[in-house]
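Following the hints, put chain B in place on chain A, whose structure we already have.
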Amino acid sequence: MKVKQISIFIENKPGRLLKVTRTLADAGINIRALSVADTVDYGLMRLIVDDYVMARDVLAEASVTVALTDVIAAEIPDVPGGLNGVVEILSEAGINIEYMYAFSGNTGKGAIDVFRVDDIEGAEKLLESKGVKTLSQGDVEKI
Amino acid sequence: MYWDKQHECMDREALTKLQSERLCATVKRAYENVPAYTKKFDEIGLKPEDIKGIEDLHKIPFTVKTDFRDNYPFGLFATDMDDVVRVHASSGTTGKATVVGYTKNDIDCWATMVARQLAAGGVGSKDIVQVAYGYGLFTGGLGLHYGAEKVGATVIPISTGNTKRQITMLQDMGATAIAGTPSYILHIGETVKEMGIDPKTLPVKVSIMGAEPWTEEMRKEIEELLDIDALDIYGLSEVMGPGVSYECLEKHGLHINEDMLIAEIIDPDTGEQLPDGKQGELVFTSLTKEALPLLRYRTKDITYLDPEPCACGRTFKRMHRILGRCDDMLIIRGVNVFPSQIETVIFNIEGIEPHYQIVVDRDERRLDDMEVWVEVSPDVISGEVRTLEKLNKKITHDLRSLLGIGCKVKLVEPLSIPRSEGKSKRIIDKREVYK
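Heads up: the protein sequence lines correspond to chains A and B, in order. All the letters of the first sequence, read from the start, carry residue numbers 0 to 142 under numbering that gives the first Met the number 0. All the letters of the second sequence, read from the start, carry residue numbers 0 to 434 under numbering that gives the first Met the number 0.
Hints are supplied without guarantee of correctness; some may be wrong.
[Claimed, not checked] Capping the alpha-carbon separation at 25 angstroms, the derived lysine to any residue pairs in SDA-like fashion look like this:
{"hint": "1", "chain 1": "B", "residue 1": "Lys219", "chain 2": "B", "residue 2": "Glu383"}
{"hint": "2", "chain 1": "B", "residue 1": "Lys389", "chain 2": "A", "residue 2": "Asp118"}
{"hint": "3", "chain 1": "A", "residue 1": "Lys141", "chain 2": "A", "residue 2": "Leu67"}
{"hint": "4", "chain 1": "B", "residue 1": "Lys429", "chain 2": "B", "residue 2": "Asn391"}
{"hint": "5", "chain 1": "A", "residue 1": "Lys18", "chain 2": "B", "residue 2": "Thr159"}
{"hint": "6", "chain 1": "B", "residue 1": "Lys393", "chain 2": "A", "residue 2": "Asp37"}
{"hint": "7", "chain 1": "B", "residue 1": "Lys250", "chain 2": "B", "residue 2": "Leu14"}
{"hint": "8", "chain 1": "B", "residue 1": "Lys424", "chain 2": "A", "residue 2": "Lys3"}
{"hint": "9", "chain 1": "B", "residue 1": "Lys429", "chain 2": "A", "residue 2": "Pro79"}
{"hint": "10", "chain 1": "B", "residue 1": "Lys192", "chain 2": "A", "residue 2": "Thr68"}
{"hint": "11", "chain 1": "B", "residue 1": "Lys409", "chain 2": "A", "residue 2": "Lys141"}
{"hint": "12", "chain 1": "B", "residue 1": "Lys429", "chain 2": "B", "residue 2": "Thr159"}
{"hint": "13", "chain 1": "B", "residue 1": "Lys389", "chain 2": "A", "residue 2": "Asp69"}
{"hint": "14", "chain 1": "B", "residue 1": "Lys389", "chain 2": "A", "residue 2": "Lys141"}
{"hint": "15", "chain 1": "A", "residue 1": "Lys3", "chain 2": "B", "residue 2": "Lys409"}
{"hint": "16", "chain 1": "B", "residue 1": "Lys389", "chain 2": "A", "residue 2": "Asp40"}
[To be verified] Covered stretches of chain A (in silico footprint by chain B; criterion: 3 or more residues with CB under 8 angstroms from a CB of chain B, positions within the stretch not fixed):
{"hint": "17", "region": "40 to 46"}
{"hint": "18", "region": "82 to 93"}
[Unchecked claim] To give an idea of the interface, some chain B residues facing chain A are shown, with a C-beta separation under 8 angstroms as derived from the structure:
{"hint": "19", "residue": "Glu31"}
{"hint": "20", "residue": "Ala35"}
{"hint": "21", "residue": "Ile53"}
{"hint": "22", "residue": "Glu54"}
{"hint": "23", "residue": "Leu56"}
{"hint": "24", "residue": "Val375"}
{"hint": "25", "residue": "Pro377"}
{"hint": "26", "residue": "Ser381"}
{"hint": "27", "residue": "Val384"}
{"hint": "28", "residue": "Glu388"}
{"hint": "29", "residue": "Lys409"}
{"hint": "30", "residue": "Leu410"}
{"hint": "31", "residue": "Glu412"}
{"hint": "32", "residue": "Ile416"}
Everything labelled a hint here was simulated from the structure, so no lab data went into it. Using N, Cα and C, we set each Cβ at its ideal position, and we do this for glycine too.
Just chain B, with the same shape it has in the complex:
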């Protein structure tokens, strides 16, 4: 099933022409309306007129996550705030959030992206979609919500959590599709099994899952537990939100919405463009975004592109599911967590040493579980146990308020955490999500 066959199955030549036209317009608008882009262009003597089509893309300087922090909150917006109808936000690498904005048309384009995903999973106006992504600043909930409304489905905006109620809704309202993070849908599946419910009695037939990396093994497990097709949806708020690329029922890579975005793969060390099929860092340029035009945004996600048309008939290039990250970002229950954020909290609390270790695993309920280990400093161990418990509570509280998710803080002996040169040693991720 297609939502927008005209674009989704466009021939390559016409698509390239469309991308080139839209790129030139985007570059012009970004240069004229966003001082940060004007500066980047002027610094290397590049003029918007120098970009004549996608063959000139490589001349454009990259945009990175810190550009959002440096222009916090609205500095990268290209339109008046009058035209911005919504903002979302995700984690920044330090204290400040990454803020993104949308015009009415941006919201509509985003809904179209998600609608294409839903249609590719066989979801249409007769369906009932249970949106088990969190609603709020996070793009998951509202992103899926607008897409589901666009295809004319009935939306159950249940948001995330309260698993027993999720299952009651699946039974009583008969949702035919469910959207959420793969670890949460897996948890729902496990709970269905525990409750002794035969998944064949549930009308749900497809799940749309993203916001965190997952594996083929998890797909099989979810498909068996709920007797459904499990599809991968990719996105990031800077580029739009969920729907940047989407899987069809062939389950063989994610179709990139190339009429609205250009995807490139670069060598993360040199910044050189890599040919299709080569693994590297994924970079996006927006082609229709009004509020927040994005030129060559480095996602830090690692994958490769497959230009071959898919058996489903779509011509959009496919990206392989995410194979890793070029930075140390973790995704915990769908929330991006940077070790540098944890560092900010730890370095500002007295009574602990600036050494920490992050241990991530899945708990017995199959949900992500993050422990932060910190070393106590000698001056707090001479006091009462109560002092240490207070300290533990303070760290837990400060981490929760900055990260937006809870984690367990464990106080450990001084000098027990290995002093390593590389930051990556500070993270032990037992989930094996990149496979």
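The shape of chain A in the complex, shown without the other chains:
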């Protein structure tokens, strides 16, 4: 299953990140997972939140433009080689991982990693068929 990721372009200037975190905090939005890819001048912030619709709306009101992207949030067995197993499945099928990051929420069953891949439908089906659990939007809201 797929979940929605929020992407935000943030200039590398004091106060820019604060504006985003404060807006989300004020709206009572919980951040489930976070990654920041940075360059000298700007960063790309990617978030998985409990309520992405509200997050998008409050950020838009604060003049922060966001993009919504489908990603896969997969449960990774909490054993050595757990992540490797999942990456191997995707790699063997020729699916390219554009970026990935780890989830902070604790389901008690292991880690959760977020994958952005070039073939999201294919990856989703493939992982399910191999017994890898992927989280739904509802799962993310409930964690």
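Same frame as chain A, now just chain B:
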């Protein structure tokens, strides 16, 4: 020192007579040989015979930069291409360049204009002139080159850039004069200081600088850094190139080559002629040009004219250094840049919004530095950082190929650039060149 005392010190009455004769001939030739002029005259029922002298100048319709684009590339030429020995080009307001042409005689007149400047700065056949203007389609390099050869000086055609080598040449070859853009000469001066060279040990005594606006403060700074006299030379390729007007060692305004050009100041809004001393838009009419006769060309440069004879003895009217522009043109490292050109590039690239800001400043080396800020569009921020970096490279590349100069592109947050009505708000020029 004069190059051509007969003309440079001509009395006003004789000069007016000469201008009137040459104007009538120019009007006739332009009307008969350039369809664009024929059309402009016919549209208002003006006949070349109606122009009997400079008192009738105001009847002639203006020529503007877009006339060059509409007649690109050679449509405004009045001679056969057989007689055109050279072309130069400068930026147009959009994609197409402004192309100008010269006959053998035009090149000679131009060299005379520059020779007058050099002589006014005390440069003659015993001198060595280092030409640090760019050579090429830009008129700076070749313009100064031919003028320096005309006065019989030794020319070092080093062109612009490679500052350490510029300084080595100044030391080893002992150039006595240097020509270039003021910001570049200032950079050379700063580098001389950094290298710990005593400017008094350099034989250079005068610099001839133009192609961009500069200030009295910059003059003082350059004069101290290099222990020289710094002189202003004005020009634009449409009218000829550098040498249209020139400063003498009095440093009190630029003498306009009035035997070859007529200068007017007009109200940029109404087009009415303004009297000497009043500030307005500078307009030129060529009097000797063969390949590209120019009638009442609006430069968009703002200045005023001073008709009083100069202490140097020259009678040519002087124009004050340029005080501003009536359009949004920027001059970056001597290259004319129109925001509309930048717009053309930005509007044609996917992944960015059609909003931009241009920030111009001088960098730590005292050279012009232009940053173009563009807003990323939401659809590119969901992807990889690599996508954004590719986008940045593409904009940088496309701007460089259209403008001919490099600039830094900065991607900024969507909606972060102020949406303004006026175009001028899109430009932040921190250089304060018009003072």
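Going down the list of hints, with the structure as the test:
1. The hinted pair formed by Lys219 (chain B) and Glu383 (chain B) fails the criterion: a straight-line CA distance of about 51 angstroms is larger than 25 angstroms.
2. Taken as a hint, the Lys389 (chain B) and Asp118 (chain A) pair is honoured in the structure, with Cα atoms around 22 angstroms apart against an allowance of 25 angstroms.
3. Restraint check for Lys141 (chain A) and Leu67 (chain A): satisfied, since their Cα atoms lie roughly 20 angstroms apart, inside the 25 angstroms limit.
4. For the hint linking Lys429 (chain B) to Asn391 (chain B), the alpha-carbon distance of about 24 angstroms falls within 25 angstroms, and the restraint holds.
5. Our distance criterion of 25 angstroms between C-alpha atoms is broken by Lys18 (chain A) and Thr159 (chain B), whose separation comes to about 46 angstroms.
6. With a CA separation close to 19 angstroms, the supplied pair Lys393 (chain B) and Asp37 (chain A) stays within the 25 angstroms bound.
7. Only pairs whose Cα atoms come within 25 angstroms are accepted, and Lys250 (chain B) paired with Leu14 (chain B) is accepted, the gap being roughly 23 angstroms.
8. Taking the CA atoms of Lys424 (chain B) and Lys3 (chain A), the gap is about 38 angstroms. The hint is violated against a cut of 25 angstroms.
9. Taking the CA atoms of Lys429 (chain B) and Pro79 (chain A), the gap is about 58 angstroms. The hint is violated against a cut of 25 angstroms.
10. Note on Lys192 (chain B) and Thr68 (chain A): the hinted pairing is violated, with a Cα-Cα distance of about 55 angstroms set against a maximum of 25 angstroms.
11. Straight-line distance between C-alpha atoms of Lys409 (chain B) and Lys141 (chain A) comes to about 40 angstroms, which puts the hinted pair past the 25 angstroms bound.
12. A threshold of 25 angstroms between alpha carbons decides the hint, and for Lys429 (chain B) with Thr159 (chain B) the separation of about 24 angstroms falls inside it, so the pair holds.
13. The hinted pair formed by Lys389 (chain B) and Asp69 (chain A) meets the criterion: a straight-line CA distance of about 22 angstroms does not exceed 25 angstroms.
14. Our distance criterion of 25 angstroms between C-alpha atoms is broken by Lys389 (chain B) and Lys141 (chain A), whose separation comes to about 38 angstroms.
15. Between the alpha carbons of Lys3 (chain A) and Lys409 (chain B) the distance comes to roughly 28 angstroms, so the proposed pair goes past 25 angstroms and is violated.
16. Restraint check for Lys389 (chain B) and Asp40 (chain A): satisfied, since their Cα atoms lie roughly 14 angstroms apart, inside the 25 angstroms limit.
17. Counting residues of the region 40 to 46 of chain A whose beta carbon lies closer than 8 angstroms to any beta carbon of chain B gives 3, which reaches the threshold of three, so the coverage claim holds.
18. Chain B is given as covering the region 82 to 93 of chain A, and this is violated because 0 residues of the stretch bring a CB closer than 8 angstroms to a CB of that chain, at least three being needed.
19. Interface hint at Glu31 (chain B): violated, since its Cβ lies 58 angstroms from the closest Cβ of chain A, which is beyond the 8 angstroms cut-off.
20. Given the 8 angstroms rule on beta carbons, the hint for Ala35 (chain B) is violated: about 46 angstroms separates it from the nearest Cβ of chain A.
21. Interface restraint check: Ile53 (chain B) against chain A, minimum CB-CB distance 56 angstroms, threshold 8 angstroms, status violated.
22. The criterion of a C-beta within 8 angstroms of any C-beta in chain A is not met by Glu54 (chain B), whose closest approach is roughly 59 angstroms, and the hint is violated.
23. Interface restraint check: Leu56 (chain B) against chain A, minimum CB-CB distance 53 angstroms, threshold 8 angstroms, status violated.
24. For the restraint placing Val375 (chain B) at the interface with chain A, the shortest Cβ-Cβ distance is roughly 5 angstroms, inside the 8 angstroms limit, so the hint holds.
25. Checking Pro377 (chain B) against chain A: minimum C-beta separation of about 5 angstroms stays under 8 angstroms; hint holds.
26. Nearest Cβ of chain A to the Cβ of Ser381 (chain B): about 4 angstroms, under the 8 angstroms cut. The hint holds.
27. Proximity of Val384 (chain B) to chain A holds as hinted, the smallest CB-CB distance being about 5 angstroms (cut-off 8 angstroms).
28. Contact between Glu388 (chain B) and chain A, as hinted, is supported at the beta carbon level, the nearest pair being about 7 angstroms apart and thus within 8 angstroms.
29. About 6 angstroms separates the beta-carbon of Lys409 (chain B) from the nearest beta-carbon of chain A, less than 8 angstroms, and the hint is met.
30. A cut of 8 angstroms between beta carbons decides the hint on Leu410 (chain B): the least distance to chain A is about 6 angstroms, and the hint holds.
31. Among the interface hints, the one on Glu412 (chain B) holds; its C-beta lies about 5 angstroms from the nearest C-beta in chain A, closer than the 8 angstroms criterion.
32. About 12 angstroms separates the beta-carbon of Ile416 (chain B) from the nearest beta-carbon of chain A, more than 8 angstroms, and the hint is not met.
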